[in-house]
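When we follow the numbering used here, the leftmost residue of the sequence shown carries the number 16, and every step to the right adds one.
Don't take every hint at face value.
To be verified - Each pair of labels, with its calculated beta carbon distance range:
no., residue 1, residue 2, range
1, Ala101, Gln58, 35 to 43 Å
2, Gly132, Leu107, 31 to 39 Å
3, Ala70, Ala35, 16 to 24 Å
Note that these hints are calculated values from the structure, not bench results. Yeah, the Cβ is synthetic: ideal placement off N, Cα and C, and Gly gets one too.
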Amino acid sequence: MAELTLFYDGACPLCAHEIAHLRRLDTHDRIRFEDINAEDFSQRWPHVDPDEASAILLGDYQGERLRGLDVTHRAWSLVGRGWLTAPLRWPLVRPLADRVYRWFAPRRYRISGWLTGRQRCTRCESGSCDLSKHR
Numbered sequence: 016m017a018e019l020t021l022f023y024d025g026a027c028p029l030c031a032h033e034i035a036h037l038r039r040l041d042t043h044d045r046i047r048f049e050d051i052n053a054e055d056f057s058q059r060w061p062h063v064d065p066d067e068a069s070a071i072l073l074g075d076y077q078g079e080r081l082r083g084l085d086v087t088h089r090a091w092s093l094v095g096r097g098w099l100t101a102p103l104r105w106p107l108v109r110p111l112a113d114r115v116y117r118w119f120a121p122r123r124y125r126i127s128g129w130l131t132g133r134q135r136c137t138r139c140e141s142g143s144c145d146l147s148k149h150r
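Produce the complete structure using the sequences and hints provided.
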C-alpha cells in the first residue's frame with residue numbers, strides 16, 4: 016500500500032515530466048499518483064478540492080495533508096532521493112523556497128512553455144485530451 020498519495024496536474028508538461036521520473040524511481044510502489052484532471056477525480060477524491068490542488072501541489076501522507084514543497088520532499092525521500100530536496104526544507108532556506116514555489120505554481124504553464132516549448136499537454140491544448148497519457 017502506498018505511503019503517499021500525490022495529487023498532480025498531468026496537463027502541465029513540467030509536472031508530468033517530474034511525475035514520470037518519480038514513477039520510474041518508485042520501484043516499491045510507495046507513492047500513489049493521482050492526476051487532478053482525471054474525469055472521475057472528484058468522484059474518487061471528494062475531499063480533495065481540484066482548484067486547490069491546481070493552485071498548489073497536494074499530497075496525503077499517513078493521514079496528514081501536505082502542500083507544496085513538503086509534498087515534493089516527501090515524494091523524493093520515498094524514492095531514495097530526499098537528499099536532492101532536503102535543502103528546500105532547511106529552516107533558513109524553507110521560507111525563501113516556499114515563496115519561490117508560490118510564485119512558480121500559478122505560472123507553471125508559461126514556464127513550461129519557455130522550457131519545453133509546450134505550455135500544456137498537447138492533447139489538452141487541442142481539446143482532445145487523452146488522460147491515460149498523463150499517467
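Verification of the supplied hints:
Separated by about 36 Å at the C-beta atoms, Ala101 and Gln58 satisfy the suggested range of 35 to 43 Å. Here the CB-CB span from Gly132 to Leu107 is close to 36 Å, well matched to the stated 31 to 39 Å. The beta-carbon spacing between Ala70 and Ala35, approximately 22 Å, falls within the hinted interval of 16 to 24 Å.
Consistency with the previously given hints is maintained throughout, with no hint failing.
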